[in-house]
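Whole structure, please, built from the sequences with the hints as guidance.
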Amino acid sequence: MKHVFSASNIVGAILLAYFVYVVIGSFEFSPLPGLFPMVVGGVGIIVIVVHFVAKVIRQSEETPAGTGANAPGAVDFEITEDETSREGIRITLEQLAWVFGLFFSLWAFGFYLSVPVFVFAYLKRNGESWRLSLILATVMAVVVRGLFNELLNLPFPQGVLISLFT
Amino acid sequence: MIDAAIQGLEGILQWKAFGLMIVGILISSTLVAMPGIGSKTAIALLLPFAFVLDKYEAIALIVSVWAVSNTANSITAILFSVPGGGGSQATIMDGYPMAKNGEAARALAASFTSSALGGVIGAIVLLAAIPILRPLVLLLGPPEFFMLVMMGVVMVGALSGKAPLKGIAVGVFGLAISLIGIQGQSGEPRYTFEYIYLFDGIGLVPLTIGLFAIPELIALAARKGTISDVALGDIGAGRRQGIKDAFIHWWLVVRSSIVGVWVGIIPGLGSSVADWFAYGHALQTCKGARETFGKGDVRGVIAVDAATNAKEGGALIPTLAFGIPGSSTLALIFAGLLIVGITPGREILTTQLDVTFSIIWLLIISSILTSLLCLAFVKQMAQATTLRPSILVPMVLAMAVLGSFANSNRLEDVAVMIIFGLIGLVLRATGWPRPPLLLGLVLGPLAERFMWTSYQIYEFGFLLRPGVLIIFGLLVLSLAYPMIQKRYMAKRQAGAL
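Same order as they appear, the protein sequences are chains F and L. Its first residue numbered 6, the first sequence is counted upward by one per residue in this note's numbering. Its first residue numbered 221, the second sequence is counted upward by one per residue in this note's numbering.
If you're looking for bench data, these hints aren't it; they were derived computationally from the structure. Careful: at least some of the hints might be erroneous.
Heads up, simulated DSSO-like pairs for lysine-lysine below, C-alpha to C-alpha not over 27 Å straight-line [what the hints assert, rightly or not]:
| hint | chain 1 | residue 1 | chain 2 | residue 2 |
| --- | --- | --- | --- | --- |
| 1 | L | Lys444 | L | Lys507 |
| 2 | L | Lys444 | F | Lys129 |
| 3 | L | Lys507 | L | Lys711 |
| 4 | F | Lys60 | L | Lys515 |
Only a predicted model underlies this, so the values are computations on that prediction, with no experimental measurement involved.
Written out as structure tokens, the structure reads:
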């Protein structure tokens, strides 16, 4: 039962659901634009089903070795024990919070303010000195304003909250 | 022809043209190396200068930016797992693990050297191709192009090591993601939920940054260590070894360069296909690659960087000969040529052959100069892998956000980066390979376009054309080759026992 609800199987099931959605969605299009999505979704469903069947057959023959990116045959970067420890998972969640926090800040306050403030706050939270934090935050402010905005003419949005007050 | 070659060389060796080439190289090696800023942006910025320059000077400036951008793109891919551009996605596969193993200097040096060699080989092929250009490209029609793209899809299996089904499933997921947006031929929106941002499809740059950089940054913070798990050691020795590696594996450099040139010749494929084709080719043909690729094998870096730089020579063939720019960047170069009064096509291969040669010389000289410049700074670059995560994570994340936003200047690009960051994190943690997703995304629109055109011309009869059948045969061979090789090795091992 534990094997059935393994993280890898859940990912497989999500992919299967997505392919089913792609096939069902393909019926809404005209015949020719719908042909390729139908083929892609259909092939995806077949591949996932074959994968699950092969896995069941394999599991009845041998015990699995390794998990995640360390699983046999997975061409990806290897996962270390540090990452899977309780502390590693806590840090992972904290990093995700930083990423989401940065995105919210970009939406609310815009790039000019958010990017340097994010760099400064992250550095200070992780014990870096005031001097280094201020220098690197200033560097990022210059990169955003000078390089991306002035030189490359990137039109950064102002930020929803900022635009309310200007 | 020799006179034109000499005239072309003299043209770009004039002090002003040469100086502008150096400016182009410096811009490309610094600005273009940053994620999200491609050679297209740099060329677009420089294009107005062409109005006040003579033809050699304008060509020197514009072509040098474009010709060497692939070399610089590998820097952030190797050091931080953040692709600098489309052609450096596959560089991450072995370049970043090498940096983690304390071999950043070796990986960078191998990348720069193979890039220079690839650039030179690409230019030589372009030179050799001039007399046979027309029959070469006219030989292939949409059905053959479709089969070539299918051959690329087969690489998905090859990229997935011993878990081909998982790889193919993720590759098909990539194809499914590529369906989002307005269908190119019919103009019909698909899977867009009537949301305008999705009409243009999912951007390759934010997706790639999310899929690779976000999970690696999080892993880096979780490990609490530096990128390099071990001390860097003798950087000078690493640099020497990297240069040597490119020459030791010279045959791989040549083969990968030919793959790159071939991809370049086909309009519309581009760097992001060339690198995966070359990586897949190396994975299938190099001895023991299935055990070592993805863990820091220098051959994975060499194959990719030789191919992406060689591709530029190939890409110039249809641009110069037929006036068909193979990519939007080449369309800008095309515009630059028009500004200085040069029309690609018959003219550039007859009365203005010196211009063609000046471009070929530029490809050679700027490739070599850029690699030398980058090699000179390998030490400083390699030391970036020893920075504390508390410094590296916010800086790289900030650059990743800016790079993603630069894709189409919309905040949704950053959202796409984050969503695919989460998908990458889950795929990585659960043992589903990430690279096939990219390949599927890149090849999806091409496969559909070629299939659509082929069907309209020949209906399903296009599947029986001789060229299609030949490529299909090659496709089956490339699928069967690893299995044959495996069986042969097993037989040999059994014989040895």
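Now for the hints, and whether the structure bears them out:
1. Lys444/L - Lys507/L: violated, 35 Å
2. Lys444/L - Lys129/F: holds, 16 Å
3. Lys507/L - Lys711/L: holds, 16 Å
4. Lys60/F - Lys515/L: holds, 25 Å
Violated hint: 1 only; the structure is consistent with all others.
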